[in-house]
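Student: Taken in sequence, the protein lines are chains A, B, C and D. Sequential numbering from 1 applies to the first sequence in the numbering used here. Sequential numbering from 1 applies to the second sequence in the numbering used here. Sequential numbering from 1 applies to the third sequence in the numbering used here. Sequential numbering from 1 applies to the fourth sequence in the numbering used here.
Simulated from the structure, these hints should not be mistaken for laboratory data. Computed from a prediction, not measured in an experiment: that's the story for all the values here. Where is the CB? At the ideal position from N, CA and C, for every residue including glycine. Check before you lean on any hint, since a few could be wrong.
[Stated by the list, open to error] Here are the simulated lysine-lysine pairs, PhoX-like style, with alpha carbons at most 20 angstroms apart: (1) A:Lys139 - D:Lys285; (2) B:Lys67 - B:Lys91; (3) D:Lys88 - D:Lys110; (4) A:Lys67 - A:Lys91; (5) C:Lys88 - C:Lys110; (6) C:Lys139 - B:Lys139.
[To be verified] Derived contacts from chain C toward chain B, CB cut-off under 10 angstroms, selection only: (7) Leu122; (8) Gln136; (9) Tyr138; (10) Asn218; (11) Leu220; (12) Asp224; (13) Asp227; (14) Thr232.
Next come the chains, spelled out residue by residue.
Protein chains: 4
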Amino acid sequence: MPIPQPVLYPPFNIVRLSHMELNVTDLDWARQFYVDTFGLQVTFEDSNAIYLRAMEERGHHCLILQKSDSPRVNVLGFKLYDEPDLEKAAKWFEEQGLPVSWEERPFMGKILRTRDPMGIPLEFFVRMDLLKPIHQKYKLYHGVRPLRIDHFNMFSPDVDASAAFYAQLGFRVTEYTADEETDRNWAVWMHRKGGVHDIAFTNGTGPRLHHFAFWVANPLHIIDLLDVMSTTGYVECIERGPGRHGISNAFFLYIRDRDGHRTEIYSSDYQTVDPDHEPIRWDLKDPQRQTLWGAPAPRSWFEEGSLFDSVDPRPSTLDAQPIVAP
Amino acid sequence: MPIPQPVLYPPFNIVRLSHMELNVTDLDWARQFYVDTFGLQVTFEDSNAIYLRAMEERGHHCLILQKSDSPRVNVLGFKLYDEPDLEKAAKWFEEQGLPVSWEERPFMGKILRTRDPMGIPLEFFVRMDLLKPIHQKYKLYHGVRPLRIDHFNMFSPDVDASAAFYAQLGFRVTEYTADEETDRNWAVWMHRKGGVHDIAFTNGTGPRLHHFAFWVANPLHIIDLLDVMSTTGYVECIERGPGRHGISNAFFLYIRDRDGHRTEIYSSDYQTVDPDHEPIRWDLKDPQRQTLWGAPAPRSWFEEGSLFDSVDPRPSTLDAQPIVAP
Amino acid sequence: MPIPQPVLYPPFNIVRLSHMELNVTDLDWARQFYVDTFGLQVTFEDSNAIYLRAMEERGHHCLILQKSDSPRVNVLGFKLYDEPDLEKAAKWFEEQGLPVSWEERPFMGKILRTRDPMGIPLEFFVRMDLLKPIHQKYKLYHGVRPLRIDHFNMFSPDVDASAAFYAQLGFRVTEYTADEETDRNWAVWMHRKGGVHDIAFTNGTGPRLHHFAFWVANPLHIIDLLDVMSTTGYVECIERGPGRHGISNAFFLYIRDRDGHRTEIYSSDYQTVDPDHEPIRWDLKDPQRQTLWGAPAPRSWFEEGSLFDSVDPRPSTLDAQPIVAP
Amino acid sequence: MPIPQPVLYPPFNIVRLSHMELNVTDLDWARQFYVDTFGLQVTFEDSNAIYLRAMEERGHHCLILQKSDSPRVNVLGFKLYDEPDLEKAAKWFEEQGLPVSWEERPFMGKILRTRDPMGIPLEFFVRMDLLKPIHQKYKLYHGVRPLRIDHFNMFSPDVDASAAFYAQLGFRVTEYTADEETDRNWAVWMHRKGGVHDIAFTNGTGPRLHHFAFWVANPLHIIDLLDVMSTTGYVECIERGPGRHGISNAFFLYIRDRDGHRTEIYSSDYQTVDPDHEPIRWDLKDPQRQTLWGAPAPRSWFEEGSLFDSVDPRPSTLDAQPIVAP
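Go ahead and model the full structure; you've got the sequences and the hints to work with.
Tutor: So this is what it looks like as structure tokens:
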């Protein structure tokens, strides 16, 4: 199945992925993990939630940790280009028969809530509170020195359907994994902001969030995080890496919090702003697409993910042998 | 004087800076410098010209070295988003009373030639020949491991006028240096592609090219280049750095070829895709805006630049004391 | 069993490990591996052997690749401090009833050949031909940028016996792995030159060489090597890593040549020149001693090694479950 | 004048440089500088003094900050190999007609105080209190992540005399700067511990301490320190660098505290344990010996240094034009 062609003039203009809200069962532990160890900056907190930003972000938050009994991903947020894009988006989602509602969100004002066809909860906005730059307050840098949120990666039970949906919104495929035997695509990476991806979909029981990712300047910051985590009681939270992805060419590490939510630390993909940038095809049988250097990922990495709020995942329509194949 | 407001819907869509053509007086020496030492890849060469690309670029070339008796910058190239943008651009430049012509260029097809109001020669195109990716052919990496062309920096005799012109084309200011005493802007950094800049203008006799820049992944590659240049006969070509810019926050090095053309090696600025990204203001009296760590730049860096083809530079309209002030 | 106490005044003065001779079955392939890919410098070669040095070494060679039908380690070489040390060494080995002979070796002059009690072939010398420095010829650096040979690591069937023997020669223990259940030491790291080790012994069928190691300045050089190896046909030669050792605190990678000889690339242990430097004890049950970050080593790493010339390895005297225990 | 030949069997065995005591006029400021900013660890403090160690050091301290009205260097400390070396040292210094006394020092027990012929105050000891390792307590690392004290560098009014004196004690020359016109040596680097130097002498009014140095693993830690210092009020304390030395090949940075005491941060020289390691000669006219990349050092770096306690410096016996020549 061919990957979807880029849509040059989408119905509304999505600038980039922006933020997400995560349910965590122990807010104190989560603060130690995401703030003290990982290195995000707190921009607001009360007894129920912590709002965080990374070091070069000006928007108020990229990650909301929400206290809850059930670990879930409540919503994925995307920034729109201009005020009229909000109404255009609402209209478009309604036309697709998808649920649309308007909400007021702290630090963001009016936002549009909806879901994609698989049920992934989405929110769109134009303006978020802007904070003063801190990217040159070097004394604040610690942990892995996260610079900005980079992407969301989801399990989808029908990757081709997910890719087709987001292609309509102007997301362009940069790399993909084709399964020759089934003539289906196993995974796709799609972007709006000019890197390898804002979002990716991988075959599997879904929708579930596989991981969210932060950009760091340098592989050495990832080594620093590994050294700190492994000597302060977080060695069990290290899941996979460090390594180089074949796909995206980024240097990576995957870690997981106590609720199983997975974060990727991601360094140096490449620029993809050209609308005629040609996607790179990988074969499902090529093990180097996942780890250029050949080391296998653990079983948990292939199988486990975070549930989205109020959506039951369903099995993939592809016959998967996750350990052998991905 | 306030910096120009971002234009959200410009008359045509410029994706990014793309390439430039440079006259060099000794093509063999230039090949040793830009290919063997610096690390660009040759995509075409004959006895008169060498076409080069950096490691993650798919387009045929980002730099053309043209043999000539007089060192000049022949043209700065920009990529447009879609075919209709070419005609829109032609129409717009004509309406401004600026010269417009169509040419056929090797590896690019039809391009639009024009000049900005200061006389800087520009060319616009939609399609360039696409080459196979080499960013994972790691055996090819050498020198400073240049990944992509990042920006052009020009001396302008009237920075505010230059900024106003390019703002109309959708270039957005990310940082600027204000001169409180004259209520003028001393320098502006403007982008299309989502980084700190595609183009920048600094006060000085102009138009002249101050430098063009390549993006590298890591400060250590810059250290590698310094080690190689200083032990293979190029120590005189090292002009300034390494250091951290206050403006842009990038780690930098400036080198110059035998004809005086200046290249910046540039690592890690930050993402600016949001249309409401707020520009950072620097005061002309703050020495850290140039080098965060405080070391001064040499006089040559403030005063010398490359001539553009067929344009005589004129003095700045600002009373400048370049060594004291910039 | 306690580790041996440091001997402050050994019978003769060993400065450091120096070099080794390796039998390889395909000299052309070995040249591509150790020279073109790994980055060692050829100092002599003919149709039967290649002599190599690393970038900061002044001695003629640290590694000799010898063409042969059977892959073996022919000898491990150590440098003595002064001429009289050679005679003192000969006398001492004779007193232990170990075989002693004198040979002339190219680029080294007179050397002393002997074996340790397990049968490991050793050679001692005072002077090797000195070559001009190349550590500032930065254009020569490539591959992993190896700076110097760092250590030998051997399987021993009786680690305590091996440690006791080398302790008499002034090797001092820096770290060790104790097996509480058997009151035996599972592994020891011993040095002469002021780092974590010149030699190490690990429990297993032996004597066999587990690996030899080269020092590099920086983890990023290891990442570079991984990128090059995995994109030029050597992905199968990557065995383990990259990672941080608990023991030694070094950043590491293990690779293997076509004959199974294993090289470690090793970066940044620590200074141990003080004679009262206290050894660090690790428990055999602590998985972080091997990889601080927790990732397990593959089975091959625990079980496979290179045979020494003319010595049949014998099983360990410890009841080992190598995969579970080490 | 030829450099002194290495003395293979010195009258007593010095292991390495060990520590120093520095008078500072503002202990609070000094704590902010050396602890909070630079990254040393406090091992003891009271209202008059702060004892510090670097991250991989096991000895109780490498730097003592002593509150005082007059900024001075009180003493340079060296570790001896074994108890008898203390008596041998005392005897030898007495034989040279140099002052000898015994003292009790906190955390060190009995130490030997003396001076070299220029008047530099020295102390020798065998045992210092040993502390638990912290090199794998990665959460403690900050600032420039100093690993260990590396060397002392002194202005000497007669470099050849200083070199000849320390050569008798077994210090071996690794690199030196010769002044062809005067047939004198301008500077020498001498070691005991197997690196480029424990001590160095440079021509100038002396004795004065030019700087003391700490070893760091990586140039990026130096960049981190520069970023932190330049954004927390210490930009004036950055004196020279970053850069690569020709001599020693180390990546360096020089910073100064409020009293003018100068610290070098030093990364990656090379191993020199071989007694026949050949010294490298540099010509005084070669500017790359100081900075391989060609950038000049500021005048302060050539002229300013710290006074030693109770010694008046005297002018050099060489006709120096420090800015032009060094």
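Student: Take the hints in turn and mark each one as holding or not.
Tutor: Comparing the hints with the structure gives:
1. A hinted pair counts as satisfied when its Cα atoms are at most 20 angstroms apart, and Lys139 of chain A with Lys285 of chain D does not qualify at roughly 41 angstroms.
2. The hinted pair formed by Lys67 of chain B and Lys91 of chain B fails the criterion: a straight-line CA distance of about 33 angstroms is larger than 20 angstroms.
3. Note on Lys88 of chain D and Lys110 of chain D: the hinted pairing holds, with a Cα-Cα distance of about 14 angstroms set against a maximum of 20 angstroms.
4. Taking the CA atoms of Lys67 of chain A and Lys91 of chain A, the gap is about 33 angstroms. The hint is violated against a cut of 20 angstroms.
5. For a cut-off of 20 angstroms, the pair hint linking Lys88 of chain C to Lys110 of chain C stands: about 14 angstroms separates their Cα positions.
6. At roughly 15 angstroms between alpha-carbon atoms, Lys139 of chain C and Lys139 of chain B fall within 20 angstroms of each other, so this suggested pair holds.
7. Given the 10 angstroms rule on beta carbons, the hint for Leu122 of chain C is violated: about 37 angstroms separates it from the nearest Cβ of chain B.
8. Annotation: interface hint on Gln136 of chain C holds; nearest CB of chain B at approximately 6 angstroms, less than 10 angstroms.
9. A hinted interface residue such as Tyr138 of chain C counts as satisfied when its beta carbon comes closer than 10 angstroms to some beta carbon of chain B; here the least separation is about 4 angstroms, so the hint holds.
10. Hint status for Asn218 of chain C: holds, given a least beta-carbon distance of 7 angstroms to chain B, under 10 angstroms.
11. At a threshold of 10 angstroms, the smallest CB-CB gap from Leu220 of chain C to chain B is about 6 angstroms, leaving the interface hint in force.
12. About 7 angstroms separates the beta-carbon of Asp224 of chain C from the nearest beta-carbon of chain B, less than 10 angstroms, and the hint is met.
13. Look at Asp227 of chain C: its Cβ gets to within about 4 angstroms of chain B, closer than 10 angstroms, so that hint holds up.
14. Checking Thr232 of chain C against chain B: minimum C-beta separation of about 5 angstroms stays under 10 angstroms; hint holds.
Against the hints set out earlier in the document, violations occur for numbers 1, 2, 4, 7.
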